[in-house]
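**Q** If you want the building blocks of each chain, they are given just below.
There are 2 protein chains.
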Amino acid sequence: MAVQDKPEEMTRRQFLTAVGKVGGSAAVFSLMGTMGLLAPQTLKAAEYVPPGVNDLKLSGRKGQKVIILGAGIAGLTAAYELGLAGYDCTILEAKEFAGGRCWTVRKGTSVAEIGTVRQTARFDQGLYFNAGPMRIPQFHVTMDYCRKFGIAVEPFNNVNESGFYYNENVGALSNRRVPKRAAKADVRGYTAEMLAKAVHQNRLDLPLTAEEKSKLVDYLRAEGDLSPDLFYKGSSRGGYKEEPGGALDGGVRRDPFDLKSIIDSGFGRYFSNEYSYDQQMMMFHPVGGMDKIVDAFVKRVGNNIIRYRTEVKRISQSEDGVKIVYSSPGSGGEKEITGDYCICTIPLSVLKHIPADFSPEMSKAIASTNYASAGKIGLQFQRRFWEEDDQLYGGNSLTNMDITQIYYPPNDYFSKKGVVLGYYAFGGNADKLGRMSFLERERHALAQGGKIHPQYAKEFESSFSIDWKKTKFQEGGWASYSANDRKSFYPILCKPDRRIYLAGEHLSYMTGWQSGAIESAQIVVKELHERVMKA
Amino acid sequence: MAVQDKPEEMTRRQFLTAVGKVGGSAAVFSLMGTMGLLAPQTLKAAEYVPPGVNDLKLSGRKGQKVIILGAGIAGLTAAYELGLAGYDCTILEAKEFAGGRCWTVRKGTSVAEIGTVRQTARFDQGLYFNAGPMRIPQFHVTMDYCRKFGIAVEPFNNVNESGFYYNENVGALSNRRVPKRAAKADVRGYTAEMLAKAVHQNRLDLPLTAEEKSKLVDYLRAEGDLSPDLFYKGSSRGGYKEEPGGALDGGVRRDPFDLKSIIDSGFGRYFSNEYSYDQQMMMFHPVGGMDKIVDAFVKRVGNNIIRYRTEVKRISQSEDGVKIVYSSPGSGGEKEITGDYCICTIPLSVLKHIPADFSPEMSKAIASTNYASAGKIGLQFQRRFWEEDDQLYGGNSLTNMDITQIYYPPNDYFSKKGVVLGYYAFGGNADKLGRMSFLERERHALAQGGKIHPQYAKEFESSFSIDWKKTKFQEGGWASYSANDRKSFYPILCKPDRRIYLAGEHLSYMTGWQSGAIESAQIVVKELHERVMKA
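Those sequence lines, one after another, are chains A and B.
Take the UniProt record's numbering: the last position of the first sequence gets the number 535, and nothing is skipped along the way.
Take the UniProt record's numbering: the last position of the second sequence gets the number 535, and nothing is skipped along the way.
If you are wondering where the hints come from, they were derived from the structure by calculation, not from laboratory data.
You may find that some hints are simply not true.
It does not matter which identical chain is meant; a pair holds if it fits inside one copy or across any two.
Derived BS3-like pairs (lysine-lysine); straight-line CA-CA distance at most 30 Å [unchecked claim]:
(1) 526 - 323
(2) 233 - 213
(3) 417 - 352
(4) 364 - 313
(5) 260 - 417
(6) 458 - 148
(7) 215 - 233
(8) 299 - 215
(9) 215 - 241
(10) 233 - 526
(11) 335 - 95
(12) 313 - 215
Isolated chain A (complex conformation) (with noise of 0.2 Å):
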């Protein structure tokens, strides 16, 4: 371990998980329950009862040596978690750098995708995207290592009213951008006003009392903004055709938009991205870029039990151990490595095409797992346009265009330049946009966000796109698993294959994000250790 981490008071998660250890985790609950104190997030938290420090030791076990395949978050948390139990890990990397799809682009970033030349970012000094994930729900275990390794985290502005909406083939309100606080307004004041007005003339069969229905109609007119007699007359809540100011300067409201042409603009089917559970605000994200969580984890694991640019070629084990074959940097030749066990986090897309002798079941369920497209591009402007015009600080903007969506940066606030998120898109529409060279997206995302900011011709610098599918060693942007797969073949990947186990966002109901990958090594990790000690 490179780094010691300061040993901490014990707070209340550290209370439970010594309470774990001592009665396990039934112990826990039954502790916390009475105390009904935990929100669901923490009790989950506190399921994770680390191997102790001195397990090993104390019971006379010799080192054991753990190759990890993989430095992205899943096999740097199996490292930092095994480590700190004594255990001698090895990681392979097959790229540069660590971090897996915890990537982010930076001046200087330069690598090739499948088929392509070399793409370098030209951004300036300071200015960076998120190439992977970017947002980090405050109730995912990321926090946790965030604030036990010192990540100074800010807020990631997943909900903004003054984002756009954009359609195009969508009625009257087609290629026109609309502030989300307009099409919201709207839309609920005309919902609420239909749905008052049926409960309070009665029309509905509903299970309710008088009262009931009263209170119910009352907070419709609150939702809608409605009328005292139910109707839907517009809202300042949608904003204003002349803002309201000092002294005499009371302001004009914005006319709503009929119902037709609202309702045709599908802006409402947009809403309730905003309401899934992971996508709920407050949602934060590391203060300088995503990779400072790869930075800590790697000061922590230590450099050197890292070997970079190492492809990993076969994968093979015995009744006692694990052996890997892997390309060697420079000498051009092929190395070997052998351990007591394997923990392999290399994507499936990428791993069913590499010769291992995992069970047949298991190879199939390697071979049968989908992994989503996704591709996404920064633009570096000379210019904060959004913030100095639009007065819009972070958040997104939302499109039936290709480029599906335009993130607005949620750090540097009144800063000179800035990189924007110009696609963000998944499916059909990123494996389009990745079929383009770097220049055809380029010209894509500005030629598209354009119709929405008409000042990116003008303030444009540079840009570097990425498309998951095509990125070398990933080859996807997450595992996508369908209700069958999951009951299917899924569980079979959860199963260690004799002395391999697999792990990663795959391997996890959180596919996509960096806590699947972490929670997934945990319980690796956990039941390795189980099995180590009762060898």
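Place chain B on chain A using the hints.
**A** Then chain B, alone, in the frame of chain A:
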């Protein structure tokens, strides 16, 4: 001017300002309207054209002497803007410090309320709470001054789905803290179900085609997370009983509350608080306390032009000047100061008791203005249990108890201690709390807040409370006008009374906001300057 701001490049807004100077605001609007680029908020900001820095000099006018009463945000804005144009300003401030209601309470802050002993904040170094304004909508002019002055801002977490609702005497969900996300998911789910079914079954008389109705039902299905057959059966949006995680840990969703209970709970009425134009995300606050804005103004106008602890005793004016009689610190006697004009930013609740030769209608308007009751308490806790135990980072909890709302600090995440806003009450609740002694307020805040956070008892360290009606030289939270007041006497307040101009949040349509104070001051500066240049 003590500090000169660096000359900046010409931003779009400055460009507009320049256009405005030449062609007037009509030219600005015409230009930008054609370009179709700018938000109404930006257009409004462009309306303020500051006095030309050489206007006085070039016109051969002598330095004009302006006496400003009150060093709050309005007074400071007036002094700053007039100072840039060469006016000779003096500010009389009754308190020992500038800022007025823009007031950050930190270690050593020591004041008495009317009729009380002094209360001194015993917070740890670096901890604070904003007793007055604590958040800035992203589109307020206050943000422009922060940018101009180089004041770092960070998000104010006005929306947090992990915050709680807690109501007493509301049926089955009484005395139970419910995460906002749970209440929102259920209320939105049930109401979407009601309306979707009614629309689908053609039970409402809607001016929509079949296709539009179908789109509306699609929206409602997404809005409420309804099943394909339009039932609300709970949603992961509301959270989990057991969180999903790694490997086979798929999680268990919470059960929705039943329709009657959630309607009776009254939680739904809280949702729309977040919809108000000036409460919508994103919101911001200066890093380190709202009084960073005061510090920045004071640094620029020069502390030497502010006479602290000078209570205004008499205001009078003649054909060619104003005369202010004020108490003089130390000397015990009274002094007077004369000037060409006076800008009076004293709250009307205080001004109405100061002898002044205003016109009868102005005097009557001043005496007729009502002020809102508002009170806050800051509670220092030795441990950030809301973060550690509840994964709740900033945001608020709402309740129908006297304390009304609790705000968690939107800054210094992961640090050891924190100051929670233990209540922020208005109207009758504020009056009730205001009548209590400081100790009684603390006990009341701890007892009621402790029902939501049992950790209060163990972790509490110290408090500081404020009642704005009982705060000397303020006597109220903010001006509170009825629609009738705005029509009858408010316009009188907006007109200068001979050589005296009123300014402040109370002279705006953004009462209670710093932007109201700033915009009011800008308008007075503009009017005064035009008058001087015409004279």
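**Q** Indicate, hint by hint, whether the structure satisfies it.
**A** Right, here's what the structure says about each hint:
For the identical chains of this complex, residue 526 and residue 323 are intra-copy neighbours only, at 22 Å inside a copy versus 80 Å across copies, given an alpha-carbon limit of 30 Å. Taking identical chains as interchangeable, the C-alpha atoms of residue 233 and residue 213 lie at most 30 Å apart whether they share a chain (23 Å) or sit on different chains (21 Å). In this assembly of identical chains, the alpha carbons of residue 417 and residue 352 never lie at most 30 Å apart, being 42 Å within a copy and 49 Å across copies at closest. In the homo-oligomer, the alpha carbons of residue 364 and residue 313 lie at most 30 Å apart inside one protomer (19 Å), although the nearest pairing across protomers, at 89 Å, exceeds that limit.
Taking CA atoms no more than 30 Å apart as the test, residue 260 paired with residue 417 passes in neither setting, with 40 Å inside one copy and 52 Å between copies. Only between protomers do residue 458 and residue 148 lie at most 30 Å apart by alpha-carbon distance; the minimum there is 23 Å, versus 44 Å within a single protomer. Taking the shortest Cα distances, residue 215 and residue 233 sit within 30 Å of each other both inside one copy (21 Å) and across copies (22 Å). When the C-alpha separation of residue 299 and residue 215 is checked against a cutoff of 30 Å, the pair qualifies neither within a copy, at 57 Å, nor between copies, at 53 Å.
In this assembly of identical chains, the alpha carbons of residue 215 and residue 241 lie at most 30 Å apart only when taken from different copies (28 Å versus 33 Å within one copy). Taking CA atoms no more than 30 Å apart as the test, residue 233 paired with residue 526 passes in neither setting, with 59 Å inside one copy and 35 Å between copies. In this assembly of identical chains, residue 335 and residue 95 lie within 30 Å of each other by CA distance solely inside one copy; the values are 17 Å within and 77 Å between copies. In this assembly of identical chains, the alpha carbons of residue 313 and residue 215 never lie at most 30 Å apart, being 66 Å within a copy and 52 Å across copies at closest.
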